[in-house]
Amino acid sequence: MINELMIIIFAPLLAGVLAWIFDVKGIREGVAIIGAAVPLAYLIQAYQTLASQPSIQYSIVLSGFKFEFILYHLSWVFAMIAGVVGFAAVLGMVSTAKDSYEWLFALMSLTGVYGVFLADDLISFFIFWEIMTFASFMMVLKYNRKASLKYFLLSVLGAYAMLIAIGIIYAKVGAFDFTSVQRVFYQDAMRSVMGSDTLFSRNELLLIFGLFLTAFGVKAGTFPLHVWAPDAYSETNQSYTAMFSGVLSKAGVYGMLVIYILLGTRLMYEFGNIGAAPKFGYVIAFLGGITIIVGGLLAALQEDIRKLFAYSSISQIGYILVGIGVGTALSIEAAIYHAISHALFKGLFFLIVATIIHRTGKTQFKDMGGLAEKMPVTFAMAFVAILSLAGIPPLVGFASKWLIFEAVIHQNMPILGGMLFFGSAIGFVYLIRFTYAVWFGQRPTELDDTKDAPLPLAIAMGILALLNVVFGIAPGIVAGELNKIFGKEIIQGTIWELNLGFGRYNGLFITIWLVVGILIAAVIYFLGAKVRRVPVTDTYQAGNPVTMDYNLTIRRNFFLPLKETLAFWLRMSFDRLYQDIGSWVEDLAETLRHYIYNGNVQAYAWYLAAILIILALWGV
Amino acid sequence: MNLQFASLLIALPLISAFFVPVIKTISRKAVMPFLVIITAVQTGIAAWVFEEVYTGGKPIIIMAGGFKPPVGINLYIGHFAALFVLIIAVAGFFMAVFSMKSIGVEPKDKYAMLFLLLMLGATGMISTGDIFNLFVFMEITAISAYALTAYNKTGEASEGAMKYIVLGGIGSSFFLVGIALIYGSLGTLNMAQIAQLAGNINPTVAQAALALLVFGLAVEAELFPLNAWAPDAYQAAPHPVTAMFSAFVVKAGLYAMVRIIYLLRDTQAFTGILRLVLILGTITVVIGELSALRQTNVKRMFAYSSIAQVGFMAVGFSLGTQAGASAGVFHMVNHAIVKALMFLAVGYVALELGGTSIEDFKGLGKKMPLTAFAITVGAISIIGIPMFNVFWSKIQLILAALKVGKTGVIALILGASLVEAVYYIRLIHTMWFESANGEKVKENFTLGVIMLLLVALIIVIGVFPNAAWNIAQKAAADLYNVSQYIKNVPLLPGVSP
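First to last, the sequence lines map onto chains A and B. The first sequence begins at 1 in this note's numbering and counts up by one. The second sequence begins at 621 in this note's numbering and counts up by one.
Please keep in mind that the hints were generated in silico from the structure rather than gathered at the bench. Model, not experiment: these values are computed from the prediction. Every residue gets a Cβ at the ideal spot worked out from N, C-alpha and C, and that includes glycine. Hints are supplied without guarantee of correctness; some may be wrong.
Listed below are the simulated BS3-like cross-link pairs for lysine-lysine, each with C-alpha atoms no more than 27 angstroms apart in a straight line [to be verified]: (1) B/Lys986 with A/Lys25; (2) A/Lys142 with B/Lys1062; (3) A/Lys146 with B/Lys986; (4) A/Lys451 with A/Lys366; (5) B/Lys1026 with A/Lys66; (6) A/Lys142 with B/Lys1060; (7) B/Lys1026 with B/Lys1094; (8) B/Lys1107 with B/Lys678.
Which chain A residues face chain B? A few, computed with CB under 8 angstroms, are given here [to be verified]: (9) Lys142; (10) Tyr160; (11) Glu590; (12) Tyr597; (13) Ala605.
Derived coverage of chain A by chain B (criterion: at least 3 residues anywhere in the stretch with Cβ under 8 angstroms from a Cβ of chain B; other residues may be distant) [unchecked claim]: (14) 129 to 141; (15) 164 to 170.
So that you can see chain A by itself, here it is in the shape it has in the complex (with noise of 0.2 angstroms):
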């Protein structure tokens, strides 16, 4: 019998390659959701033998390699967010997917993905992670030519950043195990501690972490290797842009996370601590912290509905970077638990997106409006993933982001503090616009008929959604799951309760209460409320008069008096630095070429000449 786990990694390829080879629509579609099913009920399934046993492994030998996988609580947790939003991605795109190509590709990156999270060495992790790449980059090539090589040069630089790490490790350790490398840098961590001689030295420790980081970086879209993202992610297909945003990127930090496992003790130890956080983790945290800030500058500042998602993923992936980079087992956990309201909630976004633009054909806010009443249902998702990105209770969002300023305020760390409450602060500047230019205001004539979500969207989005919700009201279903990864009860409570002791929060409540004020709210309404017609300056300038010559309509550049304070700022474009030198090199290849590749025999005679003097010189 085949082994679960290779089933789990190889379901996926296998619908994606039969949907390609049998072109037939309706056939294809249905191969690819069995496909994406098929690994999500044995996750489901491994949940009961995780119960009664620390993992599932497997190993099997090739080309001289062992390839070795495990399952155990983290990669299961990882695997789930990758089965549940690549699921519902599948179903989105049996709506959004035009050919057998993307249905190819789109499988071949989730058995990718898959194949990371549940890779248990180096080297298979490697090769999923490129297998996982390399789809993803067809999916955009598909679309855009730019954007998919911004993507790919990225991309391929942090692969031979992580090639090289992986090589100086071997080199040392002579085993790709994560087992054998993680006792290894253990024991080198004892060693330095008791002062004698370590196998690695402290810079080439600061080399492959450094190596690592960038691999790592660049997929999770850490400023300043964000740059591909925008591009890439508004570029393809929407509903796979749910699982490449909210899955994909997930395996950079998973990457992280496999730093702290195998790094971890060794790093520490070096490297020393800043307040509490670890000091190579606070590298991490506070890239993660510039890149919300980042991220969530620009995403108001898009006039382009993917793009404003785009960029408001790479902010809030900044979130789970911190908690990660704080490095306690609270901030841990915390990040852990904002990747999978992340992907939930972000999933839910672009499929909404999605939906959108297969309904419309639009992409501009400046096209929009309105459309709250001609979808009612996607409106309804809308509302729930906006809540939730917003962080407003009881929806996921709101848990795993108070964990996670719980958990850096709790570590006494004000500038990580400041820059997430400033994430959250940015983040309802650009819903606002979001919610009101798409949903609200009025409707442009052309968008008079447009019909609401086609099915498999609609049960895509709602599956979404109704996690969105559930992992709101009873965050401690999730907490639980997260507490078996460390072995101990670090989030306490019930499965409605988080309690960490200095500070607790109850969905339940919260949603009682939230139920009880509506109704309260209503009963006052339909007892009479005046109705006032509120501007949407208002919203905007929070009441106060306006005073300046704009004339803001949210529908077209709706923030220019933000985007003009930050005019110096976004001139230091990293994107813009990567291009340019990008073009340096090739006009500087393009010379070189020309000089030495000048078709005159008589100078190549003179390169023979002048290698033979170097030879006689060399003393050979």
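Got chain A; can you put chain B on it based on the hints?
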């Protein structure tokens, strides 16, 4: 079967080449089918030899006239030679089939003759056990290559061939001087005996000889900056010939260089020359990739890419470890498969659509889906995506380099292959996602089968690299393990200079 029949590997192409004029007088049309038949037979013999060597585990030593070396000249078909003779034969067979379709210019009989001589020369270079014999075979290869480059009779072709002749000529004359120095110092030309006696050689003579030998062979092996002839020659040569250049001619040159360096391992110049080859190899990769970046002619772009890949192999061999040599051989095999496929596909596109500039590749996915698919698989493989064959050789190369602590070189090489990704992705995008007008071409069945075979090979090695990796390791051991090489050759006792 008597193992001495393996000498047919040399004899068959040679005799057949002489028979071509006879065939021509019988029927002009029979020349190309004759070529295909001969290469097919050659493939059969090579496959038999390969099987014998790899199952027997012993090299086949063929002694000309039954005289034992060093008195007689011997052929040494060990694991490496058996593998590469097979690659040469298979690539030759495929390209002979392709030639039937693509070669329209007369005189085809001359083409067939030169084609066979090119195969013969490369086979000889790889299997000979005598250093002067090596020179002879190298000249046969080179001269037939010059002529084939000019075969299309265009100005471009003559220019390319002219450059090739000038540089190749300089290279081989210095090579000859190097041989003379060795012979003058050791009094033998047998490669096994040279290796045996290498310790006794005067250090200065060894330095000079090794330098000259490497210099001469580096021209054939396309190491920077001695590879200046290559882009022109690759572009101007008939398409099947370009594929053969990339698949085995350059590799024969590289093999000869590496073999000689390893044979002289006991001399003091050994480490120095390895370091030099490492540097040259690295520069070759970087310059090759950068030059390909803005090429608008796809065939030329592939030529630069091919040069860069040879640089990879040279780096592998120059690490001076068994692991490095294995990685180098593995990369040779993989690259031969991929580049044979890609040059075949490009040649076929040029044949159908009239050119190899990037304009002709617009919308190729619609016009010639199979060919475009083949090029795509090849490109993806060369970039080094897992589950394709080149990935494995690249990763082995990196591991080997890291083991000896050459992190900087690796970083540089990986940086260069970023560039590779850029231009191949541009090509892939042009082929599949840019629309152009033009009818769908009915693709040739035989060529389609060949391309699919090679694609299948790329993917099979990519998914199950074990078998290929084992073969590469054995071949590399044959190259690297010189003491075993000396033991394998039955030198006549008592005969020493």
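Going through the hints against the structure:
no. : hint                     : result
1   : B/Lys986 with A/Lys25    : 20 angstroms, holds
2   : A/Lys142 with B/Lys1062  : 25 angstroms, holds
3   : A/Lys146 with B/Lys986   : 21 angstroms, holds
4   : A/Lys451 with A/Lys366   : 19 angstroms, holds
5   : B/Lys1026 with A/Lys66   : 25 angstroms, holds
6   : A/Lys142 with B/Lys1060  : 21 angstroms, holds
7   : B/Lys1026 with B/Lys1094 : 24 angstroms, holds
8   : B/Lys1107 with B/Lys678  : 11 angstroms, holds
9   : Lys142                   : 6 angstroms, holds
10  : Tyr160                   : 4 angstroms, holds
11  : Glu590                   : 5 angstroms, holds
12  : Tyr597                   : 6 angstroms, holds
13  : Ala605                   : 6 angstroms, holds
14  : 129 to 141               : holds (count 4)
15  : 164 to 170               : holds (count 4)
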